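Q: What follows is the residue order along each chain.
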Amino acid sequence: MILIGEDLNVMSDKISQAIKERNPEPIRECVEGQAKNGMDYLDLNVGPQKKDPAKTMAWLVKTVQEYTDLPLCLDTTNPIAMEEGLKISNKKALVNSASGAKESMETVMPLCKKYSADLVLSVINDAGLPSDADERAASILESLEVANQMGIENENIWIDPVLLPVGVDQRQVLSYMEFIQMIPDLAPGAKCVCGVSNLSYSAPKGLRGLLNRTFLVIISRYGQDAGIVSGFDDELIKLNRGEMPEIVELIHRAMDEEDMDISGLPSKEQEYVKTTQVLMGKTLYSNSWLEI
Amino acid sequence: MTYEAPLEKHPVNIREVVLGEGEKARKIGGENTFPFHSFEGSLPNLQGLALEVLDIHPQNWATWALEPFKDVASDPVDWAKKCVEEYGAEILCLRLLSTDPMGMDAAPEETAKTVRKVVDSLNVPLIVLGTGTEDKDSKVLIEVARECSGKNLLLGPVLKGNYQEIAKAALEHGHAIVAQAAMDANLTKELNIALCKFFPPEKIVVDPTSSALGYGMEYTFSIIESIKQFGLVDKDNMMQMPVFSDVAAECWRTKEARESEEQGILWEATTSMTFLLAGANLLVLRHPTALRLIKKMISS
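Protein sequence lines correspond, in order, to chains A and B. FYI, the numbering for the first sequence is 1 to 292, going by this note's numbering. FYI, the numbering for the second sequence is 1001 to 1300, going by this note's numbering.
The following block holds chain A by itself, in its conformation from the complex (with noise of 0.2 Å):
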C-alpha cells in the first residue's frame, strides 16, 4: 500500500507550536524521520487556518520541501490556504479533500483541474455519511460524474470510503470493507484511501498501534492502495513492506476461518487474531478485547 504520513499535523502541539513561531527544527525532525521511515507522501495537516491561512501554508509547504523531496498531501479545509500550497508544491500534490457536498465539490474540484493534482473524494454528501456500502457507491457515483464533467478523470482520483472508529459504530467497519471491494467495478483505475488510524479513535492509547496494524493488513487484501498512517509505527512500516509474513498470514487465516485455535500462539500472535476477530465483527467490540 501506498503510506500518507499523518504526523506533520496541527493536532500536535509540537507541531502546532513549530508553525506558530514559524521555527523549522521541529518540522525538519518530523520530515526526515517520516521520509527515512519510507513513507510515500507526507500529508500536511494544517485544520481549518481561520488566520493567516495562505502564509502558514506557504511556509509549511516550503520548510518541509527543504527537507524532502516527497509528495505532498495538502490537508485543509481551507481553500486559499489548498491554493498556496499547490502554487508551490514541487511535485504533483494530492488534495485532501473534496466531498460530494455541494460546496466542497464546487470549490475544491476546480483547484485540483487547475494545478493538476490529485483528489481525495470522500463518500460523504449533503446528506451526510452514507449509512452502508450500497449507499456509499451511490454517493460516490455521483460526485465521481461531477469530477469527470470538470475534466478530473478516475486516475486522479483517490476515494476516501471515511472510517468510523470500531469503538463508535462496529457494522460500519464491516460495510467499509464491503465498500473498498466494489470500488474496482465502481470507479475503474481510481484509488482507494483512508484514514487508518481513525479505526482505532476511542480506543485505550496503548493499543491504538495494534488495530490500525490488523486493520491495515485486512483492507490492504480487500484492494485498498493507500493508507493515511502514522510514520512512526515502524510494524506497521514492516508489515505493509512484507516483511513480516507469517503475522500477514495468521490474520488472513484469522479473517477465513469462523473458530481458530489460539491457545498454542505466542500473546503476540494471539494478539493479532484477537484484533482480526473483533475487526471482522466475529465478536463484539471492547476497549478490553484483548482481555477475553
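Hints may contain errors.
[As the list claims (entries may be wrong)] List time: in silico PhoX-like cross-link candidates among lysine-lysine, alpha-carbon distance up to 25 Å:
id: 1; chain 1: B; residue 1: Lys1139; chain 2: B; residue 2: Lys1203
id: 2; chain 1: A; residue 1: Lys268; chain 2: B; residue 2: Lys1197
id: 3; chain 1: B; residue 1: Lys1139; chain 2: A; residue 2: Lys282
id: 4; chain 1: B; residue 1: Lys1027; chain 2: B; residue 2: Lys1197
These aren't lab readings, by the way, just hints derived from the structure by calculation. Computed from a prediction, not measured in an experiment: that's the story for all the values here.
With the hints as your guide, set chain B onto chain A.
A: For chain B alone, kept in the frame of chain A given last:
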C-alpha cells in the same frame, strides 16, 4: 403440502440469576430464545417485576403516584409491606435517596440499618439502588453488603468508577450486582469483562440505562435487543447476563405521566411492555396498577 415455520434454535442460554435467599429466592433469566418466543426455545423464568420503595418520603411525586402509598410513604418497612401484601409485588426495589450527597447525604451505617430492617421484614427478594454517585454509592453499598451479609440482595448501580469496591463487597457477602453502562453495548461488555476477572458472571445483571416513551425509548429498545442478540446469536458469553431496566424513575419524571393518572399509568405500562418485548428480564415499576397490567399481559 404442509408448511412448517422455520425455527431458530440457540445452543446457549442467558445466565440464570438468583435474587434473594432460601424460601424467598426467585430466579430471572435462563432463557435460550428471545422474549415470548416460547415456540422456539425455553423461557424457564417469568420476567421479574419489582415495585419501588423509597427510603425517604417522596418529593414532588404526582398525586396519583403517591396515592397508593400515602399512608405508608414515611416508613420504608410499612411501604414495602404494603407493596407485597396489598399490591402483590414479588420483588421490591429500595431506592436509597436519603444518601444523595447533594441532598440529605445520609451516613452509610444509618442507611444500611434501614435496609436491614426492610430485608428482615420481607418475604420477597430485594434490589437496593444507590443514587448513581460513584463515591457515595460505593461507601453506602459496601456497608449495605456487610450489614445484610448472606441475604443475596441485588446491589446497584455498579459503574466503571466503583465496580471494584462494590463488587468485592458483594462477593464477600454473597450478593448479586447490577452493572450499569449507559446506552452502549461495547461499554456493557467492557464492564462485564472487568468484573468477571474476579466476580462470578452468574451474579451479574446488566443495566444499559433506560429512557421513557417519548424520551428516547427506541434507543433503549435497540440496546436491550442487541445485548440479547450478541448473547444468544453470537454466543458472546460476556453478553449473556439478564437485563435490568429502571422504568419507574424515568417514566414518572416525564411531563406526560404527571398530567393525568390514566396517562401516567399507561406511560409506565407501555414503556415497561416495550422493554420486555426487547428482552428485559427485570423491571422496576412505581404504580401498582401498571404492575397489575404488565403481570396480566405477560401471564396470558
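Q: Quickly compare the C-alpha distance for lysine 1027(B) and lysine 1197(B) to 25 Å and report which way the hint goes.
A: Cα-Cα ~24 Å, so holds.
Q: Regarding the pair lysine 1139(B) and lysine 1203(B), is the alpha-carbon distance no greater than 25 Å?
A: Holds: lysine 1139(B) and lysine 1203(B) sit about 20 Å apart, inside 25 Å.
Q: Given the hint that lysine 268(A) pairs with lysine 1197(B), test it: the Cα-Cα distance must not exceed 25 Å.
A: holds (21 Å)
Q: Lysine 1139(B) and lysine 282(A): Cα distance at most 25 Å?
A: violated (39 Å)
Taken one by one, the earlier hints fail for this structure only at number 3.
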